[in-house]
Amino acid sequence: MKSLIFRTITPVITSVMMLFSIFVLLRGHNEPGGGFIGGLIAVAALSIYGIAFGGETVRRAIVFHPLSIAGAGLLLATLSGLLSMVFHVPFMTGLWVYPVVFGEEIPLSSVMTFDIGVYLVVVGAVTSIALSLEERGED
Amino acid sequence: MNVTDLTFLALCLPFLGALFAPLLTRMLGHNAAWVLALIPAAIFVHFAGFTAEIAQGTPITGGYTWVPSFNVRFSWLIDGLSLSFILLISGIGALIVLYAGGYLKGHAHQGRFFSFLLMFMGSMLGLVASDSFLMLFVFWELTSITSFLLIGFDHHREAARRAAFQALVVTGGGGLFLLAGLIVLWNISGVTQFSALMSLGPMVKASPLYLAALVLVLGGAFTKSAQFPFHFWLPNAMEAPTPVSAYLHSATMVKAGVYLLMRLNPVLGDTPEWQLILPVFGAATLVIGALLAVRQTDLKLMLAYTTMSSLGLLVMLTGFGVPYAIEAAVLYLVAHSLFKGALFMVAGIIDHETGTRDVTRLGGLRTAMPLTFAIALAAAISMGGLPPFFGFLAKEEVYAALSSSDPRSIVFAVLVITGNALMFAIAFAVALKPFSGKLVATPKHPHEAPVLLWLGPAVLALAGLVAAVLSAAGHALISTPMASAIAGEPRVITISLVPHIGVPLALSGITGVIGIALYLGLARVRAGVASVLAWIGWGPDRGFDQAIRGLVRFSFAVTRRLQNGRLDSYMTMTFTAIAAVLLVPPFVFGELALAPVFPSIPLHELAIMVIAVIGLFAVVLAKDRLTAIVSLGIQGFSVAVIFLLYGAPDLAFTQFMIETLAVVILALVMTRLRLSPSDHRPFRETLPDAAIAIACGLGAGLLLLKVTQVPFDTALSDFFAQYSKTIAHGANIVNVIIVDFRGTDTLGEIAVVMIAGLAILSLVRLRAGSMRRIADNDPDAEEAGR
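In order, the protein sequence lines correspond to chains G and S.
So for the first sequence, my numbering puts the first residue at 1; every next one is plus one.
So for the second sequence, my numbering puts the first residue at 1; every next one is plus one.
Some hints could be false.
As the list claims (entries may be wrong) - Here are some, though not all, of the chain G residues that point toward chain S, as calculated from beta-carbon distances under 8 Å:
| no. | residue |
| --- | --- |
| 1 | E31 |
| 2 | G34 |
| 3 | F36 |
| 4 | V43 |
| 5 | I62 |
| 6 | H65 |
| 7 | L79 |
| 8 | L82 |
| 9 | F114 |
| 10 | A130 |
| 11 | S132 |
| 12 | L133 |
| 13 | E134 |
By construction, these hints were calculated from the structure, which means they are not laboratory data.
Just so you know, even glycine gets a beta-carbon here, dropped at the ideal spot from N, CA and C.
Given only the sequences and the hints, what does the whole structure look like? Please build it.
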């Protein structure tokens with residue numbers, strides 16, 4: 001899109017939305033949010049970026065092929081589920097650790113990595129669809 | 001290692017061997033056969049070690065847990081019946097491997113052949129060793145699949161491909177009957193193991209489902225054991241290389257059906273149905289097979305049809321239900337395995353050394369191939385049921401079972417004598433005719449076969465003699481335990497080579513006389529049978545082709561109608577179906593929702609709803625497609641706001657994002673489809689679409705109304721609310737459900753998202769021009785083009 005205002009403001013909006021999507025992803029366990037919603041926000045951010053600068057720019061910005069991102073997410077989610085097998089508890093059982101960093105207790109869990117996997121799958125798959133539809137001239 | 005582990009290893013060994021066979025053949029050439037034959041030999045030795053213990057009457061069982069949640073075990077039952085089969089399969093298997101080494105010497109894919117052969121052997125061993133129903137079924141279908149590979153080994157010939165396909169469809173389809181039958185048996189008895197089922201025979205026979213179980217099991221057994229009218233795949237399977245024919249016909253594959261009947265005899269047997277169906281089909285197969293065999297001039301086909309006869313005889317005896325019948329079946333099964341394996345290998349040797357299998361173009365080979373002649377003669381004497389070979393004992397026992405004076409026995413005795421006399425004639429037509437008389441010129445100059453080729457048949461022919469001479473020991477160790485296992489009660493076999501003057505010997509004499517007469521007049525009998533068959537014209541083999549062709553035509557017609565390539569007709573069909581599903585059941589079953597009671601709605605909520613409705617009207621009235629898409633977004637956002645107002649922030653959040661992305665993606669799709677910016681159809685053409693849309697909306701609305709009027713079960717939401725924080729350490733119940741309580745669901749869902757992404761990407765990249773059109777698959781066009 002050629003609008004100067006849009007192209008000027010888009011990088012700001014996109015970066016804020018990306019940051020927000022990660023915020024939503026991480027707070028999901030206790031407040032409204034989570035991997036699925038976070039992923040959709042990230043896709044929206046990338047779509048806006050794509051509308052302003054074209055699909056090729058988006059591809060360069062996310063470095064990896066979108067479907068590779070989705071695949072990595074699926075792998076991460078599967079491994080998070082399989083991790084419980086190592087500790088002899090049923091598949092997909094949530095495992096929690098509470099490391100203390102700078103006097104602050106930070107709860108980490110396999111549930112969180114699973115949610116990150118969901119986020120990556122949604123980002124990768126939907127971005128891939130949007131980008132392939134956008135770049136109709138090249139294929 | 002204990003016995004259980006060793007037995008498991010023995011059952012796995014052929015599959016391991018199949019893995020290494022190609023590599024070994026690349027290193028050693030055809031001599032790899034000597035190494036690979038050690039596998040069945042080792043299995044033979046391992047199981048032969050159980051003989052004495054099993055002869056005492058204690059079956060050997062063992063196994064491992066397979067699917068504990070369904071109470072399925074990988075377990076085996078080695079009793080007299082399965083032991084005899086295992087020894088035949090592994091013993092003859094070793095000889096067949098050696099024979100294949102000589103027969104396919106220098107073949108480009110000999111390694112692959114060994115691999116298929118060993119896999120088939122492993123499947124067959126697993127089948128007869130199985131104790132659990134499911135294991136039997138898995139191995140049963142594995143034998144169908146591996147025999148498909150073996151029969152279609154020369155896959156560049158269409159006849160081989162057709163024969164392989166036919167065998168797979170018939171025997172694999174029969175396997176599905178068997179699965180259903182086993183499930184019915186499980187349903188009746190509540191057990192999943194044969195060892196437990198054996199004592200429940202009276203319970204199964206008393207059940208109202210007995211006939212269903214019987215018919216289903218017979219559907220599996222009759223297709224596998226090539227009983228009329230499912231026999232046609234068996235002669236067609238002669239397209240396979242001769243080692244396969246020899247193996248399939250002697251100890252394996254076709255005997256699987258007989259094995260199943262023998263295994264289930266204590267459970268299903270001894271009823272009027274069993275004693276009617278089995279003998280009738282068996283005797284019909286016996287006589288028809290023998291008649292069809294006479295008509296052939298190809299050595300392999302003659303033998304193939306006599307196999308069909310022999311299977312008929314075995315099925316008949318298994319179900320005959322008189323003294324000596326089971327014993328006769330046991331002896332005949334062993335004798336048949338030995339002589340039929342040898343004869344097939346002899347036929348292969350003749351083909352290999354002379355270049356033809358046509359009995360009318362062979363003669364006088366006795367000087368060129370004396371050893372082969374001796375082997376063939378020994379096997380034929382056994383097949384003809386003459387002393388001093390094992391076939392004689394088997395036939396005496398058969399006639400002992402049939403020699404009573406009731407009408408049923410007399411009718412079946414006449415049929416059996418007919419079949420046996422025909423088989424007698426064919427045995428010598430195969431084993432005597434090519435060797436006697438004047439030497440006939442053949443495509444290749446005949447000479448004696450190499451050791452790899454004659455070793456197998458020689459051992460089998462000799463075994464037929466040894467088994468007869470040492471019959472007392474053989475009965476004690478093999479035949480008696482096997483007969484006892486089939487009968488489900490102790491049986492003793494005593495017959496020996498010492499002739500007993502009586503009715504059986506007289507019947508044998510009659511058979512021999514008729515057989516010799518038929519042999520001398522074979523050319524005339526052949527012409528007679530051929531003219532009768534030409535008069536009938538149609539057979540199940542042609543019927544199979546017609547059925548398959550009809551199926552292809554039908555599927556083509558359905559596909560052309562349903563998948564016509566027009567997106568709008570797909571949409572119309574899909575949404576009409578949805579509307580029908582939503583609207584028809586409530587009216588038919590009187591499940592319509594009651595009229596809702598409208599609560600008083602606050603003004604701000606009312607405003608949101610009005611905006612949603614305005615959005616809808618905007619969609620319908622929009623001048624161009626882009627405006628319509630954006631207007632659809634308005635409606636979606638309003639719904640999201642309603643979710644938010646009613647306390648579902650996660651849902652609202654998701655709805656906002658989905659609506660945004662849906663608008664973006666729809667807009668992209670629209671530009672990609674290169675549609676005109678607006679819909680130019682006149683109003684009356686859009687009317688049906690509008691009707692379908694309204695019907696869908698109405699249906700969904702009524703369904704939702706009805707759902708909300710059903711009392712809400714709060715058990716799940718209470719559970720989640722109570723435990724979300726305490727077990728899963730999360731305050732957001734929705735998220736905890738997604739990633740923890742029902743995380744496995746989510747894993748499946750994201751896999752679907754991923755696959756959808758892949759699918760859409762490939763759809764977008766498809767070029768219309770490069771796709772094959774459906775018309776290219778028209779079966780009629782294909783035939784016309786040939």
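Which numbered conditions among the earlier hints are violated in the structure presented, ordered from lowest to highest? 5, 6, 7, 8
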